[in-house]
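Could you build the full structure based on these sequences and the hints that come with them?
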Amino acid sequence: GAGVSQSPSNKVTEKGKDVELRCDPISGHTALYWYRQSLGQGLEFLIYFQGNSAPDKSGLPSDRFSAERTGGSVSTLTIQRTQQEDSAVYLCASRTGQGYQETQYFGPGTRLLVL
Amino acid sequence: AQSVAQPEDQVNVAEGNPLTVKCTYSVSGNPYLFWYVQYPNRGLQFLLKYITGDNLVKGSYGFEAEFNKSQTSFHLKKPSALVSDSALYFCAVRDRNTGGFKTIFGAGTRLFVKA
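For the protein sequence lines, the chains are A and B, in the order given. Its first residue numbered 247, the first sequence is counted upward by one per residue in the working numbering. Its first residue numbered 291, the second sequence is counted upward by one per residue in the working numbering.
Worth flagging that the hints you see were computed from the coordinates, not collected in a lab. Using N, Cα and C, we set each Cβ at its ideal position, and we do this for glycine too. Take these hints with a grain of salt, some might be off.
What the hints assert, rightly or not - Using C-beta positions, here's what the derived DEER-type ranges look like:
no.	chain 1	residue 1	chain 2	residue 2	range
1	A	GLU314	B	VAL373	35 to 45 Å
2	B	ASN307	A	PRO307	37 to 47 Å
3	B	ALA291	A	SER284	44 to 54 Å
4	A	GLN344	B	GLU354	19 to 29 Å
5	A	GLN344	B	GLU305	31 to 41 Å
As the list claims (entries may be wrong) - Cβ-to-Cβ under 7 Å is the rule here; a few derived chain B residues that face chain A:
no.	residue
6	PRO330
7	GLY333
8	LEU334
9	PHE336
10	ILE341
11	TYR351
12	LYS392
13	GLY396
14	ALA397
15	GLY398
16	PHE402
As structure tokens, then:
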């Protein structure tokens, strides 16, 4: 079946502009994660959605970052007033269960470059 | 708080030799532990996970990892390395008692297997 998809695959923007990154999780997956991978860095947890529960936003680096998940499916990560340090690959992952079913399936990422 | 450490930025191994990629973790409760791999120009893929039970976990592509509670480690191993194993490896942990569903990834270890 189809995997996790993300769009756009690449985004170049000017400092100060807003950007929206989209994630389409695997159908039926109830949980969705956003991560950031900066050059030479590991994966930085940003936010987590699980069903209808309140999202875990503890990883968002500043109030310029926000995310929503509509209808329990598609998610959008928004970065307002982008800064050059926001340049990174933004990865989305989804999973279906927990415990033995707790495997995250990653999308290809959106490469964001802020000039 | 939960954390993961991958003490080596890079591991170099000759093809055919055994390889080890180290991971240590810190959680206040009991851990779920994961290894993911990122091949060049490809997305992150799941390798293996420890949930409970047998401390030795076998995963994809001949990899295995051993959960050692006393040393709080989850090192990734393979008896005989292949050039095609060259990639970026990430260890991840979730504290199943106190961490919610937030998964923390290490900084990654780049594995180079030389022919």
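Status of each hint after checking the structure:
no. : hint                               : in the structure
1   : A/GLU314 with B/VAL373: 35 to 45 Å : holds (43 Å)
2   : B/ASN307 with A/PRO307: 37 to 47 Å : holds (40 Å)
3   : B/ALA291 with A/SER284: 44 to 54 Å : violated (21 Å)
4   : A/GLN344 with B/GLU354: 19 to 29 Å : holds (23 Å)
5   : A/GLN344 with B/GLU305: 31 to 41 Å : holds (38 Å)
6   : PRO330                             : violated (13 Å)
7   : GLY333                             : holds (5 Å)
8   : LEU334                             : holds (4 Å)
9   : PHE336                             : holds (5 Å)
10  : ILE341                             : holds (5 Å)
11  : TYR351                             : violated (15 Å)
12  : LYS392                             : holds (5 Å)
13  : GLY396                             : holds (6 Å)
14  : ALA397                             : holds (4 Å)
15  : GLY398                             : holds (5 Å)
16  : PHE402                             : violated (16 Å)
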